[in-house]
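Student: Plus 1141 on top of the position in the sequence shown (first one is 1) and you've got our numbering.
What the hints contain is simulated information worked out from the structure, not anything from laboratory work. C-beta atoms are modelled at their ideal positions from N, C-alpha and C, and glycine is treated no differently. Among the hints, a few may not be true.
Stated by the list, open to error - Keeping only pairs whose Cα atoms sit at most 20 Å apart, straight-line, the calculated DMTMM-like set for lysine to aspartate or glutamate is:
#1 Lys1383 <-> Asp1393
#2 Lys1401 <-> Asp1233
#3 Lys1396 <-> Asp1386
#4 Lys1464 <-> Asp1518
#5 Lys1271 <-> Asp1518
What the hints assert, rightly or not - Pair by pair, the computed Cβ-Cβ distance ranges are:
#6 Ser1489 <-> Leu1441: 17 to 25 Å
#7 Pro1324 <-> Ile1567: 27 to 35 Å
#8 Ser1234 <-> Lys1391: 39 to 47 Å
#9 Leu1553 <-> Tyr1380: 33 to 41 Å
#10 Ala1240 <-> Ser1298: 33 to 41 Å
#11 Ser1489 <-> Ile1567: 15 to 23 Å
#12 Ser1237 <-> Leu1441: 28 to 36 Å
#13 Tyr1305 <-> Leu1336: 37 to 45 Å
#14 Gln1582 <-> Leu1476: 17 to 25 Å
#15 Gln1143 <-> Leu1362: 54 to 62 Å
#16 Ala1240 <-> Gln1427: 24 to 32 Å
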Amino acid sequence: MQYRSKVACIFLLGFFIDCINIFMSAIAFPAISTLFQLSQMEVTWIANSYILGLCLIIPLSTELTKQLGIRHALLLSTATFALASFMVGSADSFSSLLAWRFLQGFSGGLIIPIGQALTFNLYQGNDRLKISTLIMMTALIAPALSPMFGGWIIDISSWRWIFYSHIPLTLCLLLCIFLWLKPEQQSLSQPTDYLGIFLVSTALTSLLISLTLIGQSTFLLYSIFALIVTCFISMAYVYHAKRHDSPIIKLDLLKNTQLKVSIWVYLAVPGICTGVNILSIFLLQQVLQLTAAQTGSFMLLYALMAFTAMLLVRFYYQKISAKTFFYAAIIIHNLGILMLVWVAINPSILCISVAYLAMGFGGGLAANTAQSTALLDFPKQLMPQASVIWNINRQISFSLGSALLLMLFSILQQLSIHQAYAFIFILAALIGSLPLLILHQLRT
1142 MQYRSKVACI FLLGFFIDCI NIFMSAIAFP AISTLFQLSQ MEVTWIANSY ILGLCLIIPL
1202 STELTKQLGI RHALLLSTAT FALASFMVGS ADSFSSLLAW RFLQGFSGGL IIPIGQALTF
1262 NLYQGNDRLK ISTLIMMTAL IAPALSPMFG GWIIDISSWR WIFYSHIPLT LCLLLCIFLW
1322 LKPEQQSLSQ PTDYLGIFLV STALTSLLIS LTLIGQSTFL LYSIFALIVT CFISMAYVYH
1382 AKRHDSPIIK LDLLKNTQLK VSIWVYLAVP GICTGVNILS IFLLQQVLQL TAAQTGSFML
1442 LYALMAFTAM LLVRFYYQKI SAKTFFYAAI IIHNLGILML VWVAINPSIL CISVAYLAMG
1502 FGGGLAANTA QSTALLDFPK QLMPQASVIW NINRQISFSL GSALLLMLFS ILQQLSIHQA
1562 YAFIFILAAL IGSLPLLILH QLRT
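Turn these sequences into a full structure, and let the hints steer you where they fit.
Tutor: Here's what the structure looks like:
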């Protein structure tokens, strides 16, 4: 096997583990909320604590690899992730579960930006489009299979085994890194941006805290304060980045139209879809009384159409413009969300199936096109920085989508449960349509 293929396998396996941590754990939310007597808004801490860890480590990835070397950094983080996964499954309180989930994200987050940068540097031109297809295939397999298998695990045993099940894959990844990845020391020529690291980490932390608290009325003032802190620190980092020779995140890369538009599409489609998925899990299990396995099985329909969309992008990306793909993806995805409105009012298996088929095709088309477009024209020297921006956006998208929709859903609690779900899905479709306003910026 060629060295670049080994590096790609390491990245794809790490990416797969990251995806199942997000999507498989979601199917366990109702069981965890029952055990610890949590509200739907409190449940978002389970996902957001993991994403917070990811977001904090991603900006530090380039600096850690400078100090430790890529191989040693990945070995340390993967081993710690395996330990954290075991401890999450063994948690006997909500607070300890959140602490270990944070360590899970913090320890496992290095593989995403480092692995993607290494892989994309080894795959240039059309080969980069091919590896993007494999990345999206991984991103489809994980959310398709993990909820169904997670549902089976919960139905026959306990939600704890969802987290225990990650350990064998993590140990396999650890072995691959040890055997395949060559020792490689990053250049230390550029000075470390310690102030930038502090500002970015603080801003991301306060943002995720704000997003998690904003739907809980008892913590509204704390949420507003955290949001204000986020804005001030973000402005401070913008000021700092303009004056630093090598900032931890190069914001001028956002001037790249392809990256900028791809970020907005990812926020509006996969991001909103994450929130819709969490709400639909509660709708199907707690309102419509479907089992966890039955709920998870609908993701197979999602994956079927997402895989079809992925093949469409794979073979026609050079012939059909990214703009056209984005328009089609956003419209079809939002039609699927609107079908869930009918499910909330007059539920039927057919309507649920059609909704997931449409969301799968639209979501797969949007995510694959965005992944193929965002980093397409960055040179090797800028790829690590561009990868950091793209992966922070990816994690923030998942958190922002779920936090925003759950916050809006909490406001609708005065309505009947069926009306509340119907209105939230309408709002989700409207929010998901916003990128249509900026797609004209793409030349093709």
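Student: If any of the earlier hints don't hold here, list their numbers in rising order.
Tutor: Going through the list in order, the structure violates hints 2, 7 and 10 and respects the others.
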